[in-house]
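Engineer: As they're listed, the protein sequences go chains V and S. Take any residue in the first sequence, note its place counting from 1, add 2, and you have its number in the working numbering. Take any residue in the second sequence, note its place counting from 1, add 4, and you have its number in the working numbering.
There may be inaccurate statements among the hints.
Claimed, not checked - Coverage of chain S stretches by chain V, computed from C-beta distances (three or more under 8 Å per stretch; other residues unrestricted): (1) 42-48; (2) 51-60; (3) 103-112; (4) 190-202.
Since the hints were derived computationally from the structure, they do not count as laboratory data. All values reported here derive from a predicted model rather than from experimental measurement. Positions of the beta carbon are idealized from the N, C-alpha and C atoms, including for glycine.
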Amino acid sequence: MKRYYIALICLLLLVMQGMAMSLLPSKLVYSNLLMTPHWVLLFLLIVAIFYDRDKTYFAVWYGMAFGLLLDIVYTGILGVYMVTYALVIYVIHGINKTIHSNFIGASLLVILGIILSDTLLYVIYSFVQITSMPWGTYLILRLLPTVAANMIFFIILYPVVKDRITQWSEVINNA
Amino acid sequence: MPSLFRRKRLMAVLIGFIVLVALIGFSIRDRDSLTTPEKFFKDTVGWMQSIIHKPVSLVDNSVDNIQNMFEVYEQNQVLKARLSEYKGVIKDNQRLKNDNAELRKTMGKTESLSDYSPIQATVIARSSDRWFEQMTINRGEEHGVAKDMAVLTSEGMVGKIKSAGAFHSTVQLLSGFDRSNKISSWVVRKDKNEAFGLIEGYDGESGRLLLKGIKLDKELKKGDTVISSGLGGVFPSNLRIGTVEEVVNDQFGLTKTAYVKPFADLFNINHVIVVDRSVQTVENEDQKEDGDS
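All chains should be modelled from the sequences, with the hints used to inform the complete structure.
Structural biologist: Below is the structure:
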């Protein structure tokens, strides 16, 4: 049952992502700094860190499903988000075994996850010539603001969902 | 066991890569319509977006309104001064319209390239990925929206329909235009013929459109208006696009390139009009011929 809650929250975040542009002040959003909200990824990373055990990969599957949905709804080029999110969540899930799950450990993993996924998206999109931005410009105008903006959202999201997800995880694993 | 596990992981990576390439290859080409599952998911998410959009836009609008309130007095003064001018213009316009209609009737040519039927729509979301200058509107095929229709705001053209779902469609903004989306356009010059050119892309750094292929002997002035010509066979004519800001010779010195500042604000868009060209578009004519033969 709890698993469906996770899917529902993901869906809600996915819908909100499209509204992020109008929620935030337009001067900030439409300046030269390009910020991409990766809210679904953030939430799934928290799931990967606090919900999944070593042998379960729920977050990876969710990443694949909601990545595909993001592709359909927001970009129209299928498969890119799907593969990126699944891969990044898998990698973070792997690293998670070696790091303590507390706030600092989690934020480090999330920063790494966002950098990885945004860079991977950039690499794929530049291969298929959606973008032709040079690396240097990308780093300054896009990657840094994206990481900063998403970390702010992470700091808001973390206290709200962390305890609940740990609780769900215990329910599942005890049953 | 570890070797088997490792092989499994390798297989997963390989399969993932193949799926990625196949899906990109499938979806990046210029498709006429979306597949049914895509339409289904698009509409489902679209409805959820419409529901959440209502309270969000309410808050957003009230903030805007409060900001506007401080400028109301000055605006009022300017508008009052302009109002008398417009009264004359309206009368002239009415008279010319009637004239035009009568003349067309006598010629037996009632359809013109500038005729269109409008479909009103509300913007419910913007693509969260900033590589894509796209937004979602709450009108789709069921309301008559189809691929490649022009999208306007009251100020001017903002983009075209990239793909249409059953009840929602995706708009590609002018700022996301590339070489494959050209707009055939005219530069309206004072006391002279219109100069022809093609809008061929967007300069992201300065936020201006590139109007290319203007003949060298055509002189353009800063502030000249650019409108669509309708000769491209897709958009109606007379859609306002922008004003000329800067004219330079192109790299070979054979034609001129103008930088055009769009009339419409491409960032803060709430309500749009989707425009269906009344005269048959090129593609439709082809289909009809196929049907006839």
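Engineer: So which of those numbered hints doesn't the model satisfy?
Structural biologist: Hints 3, 4 not satisfied by this model.
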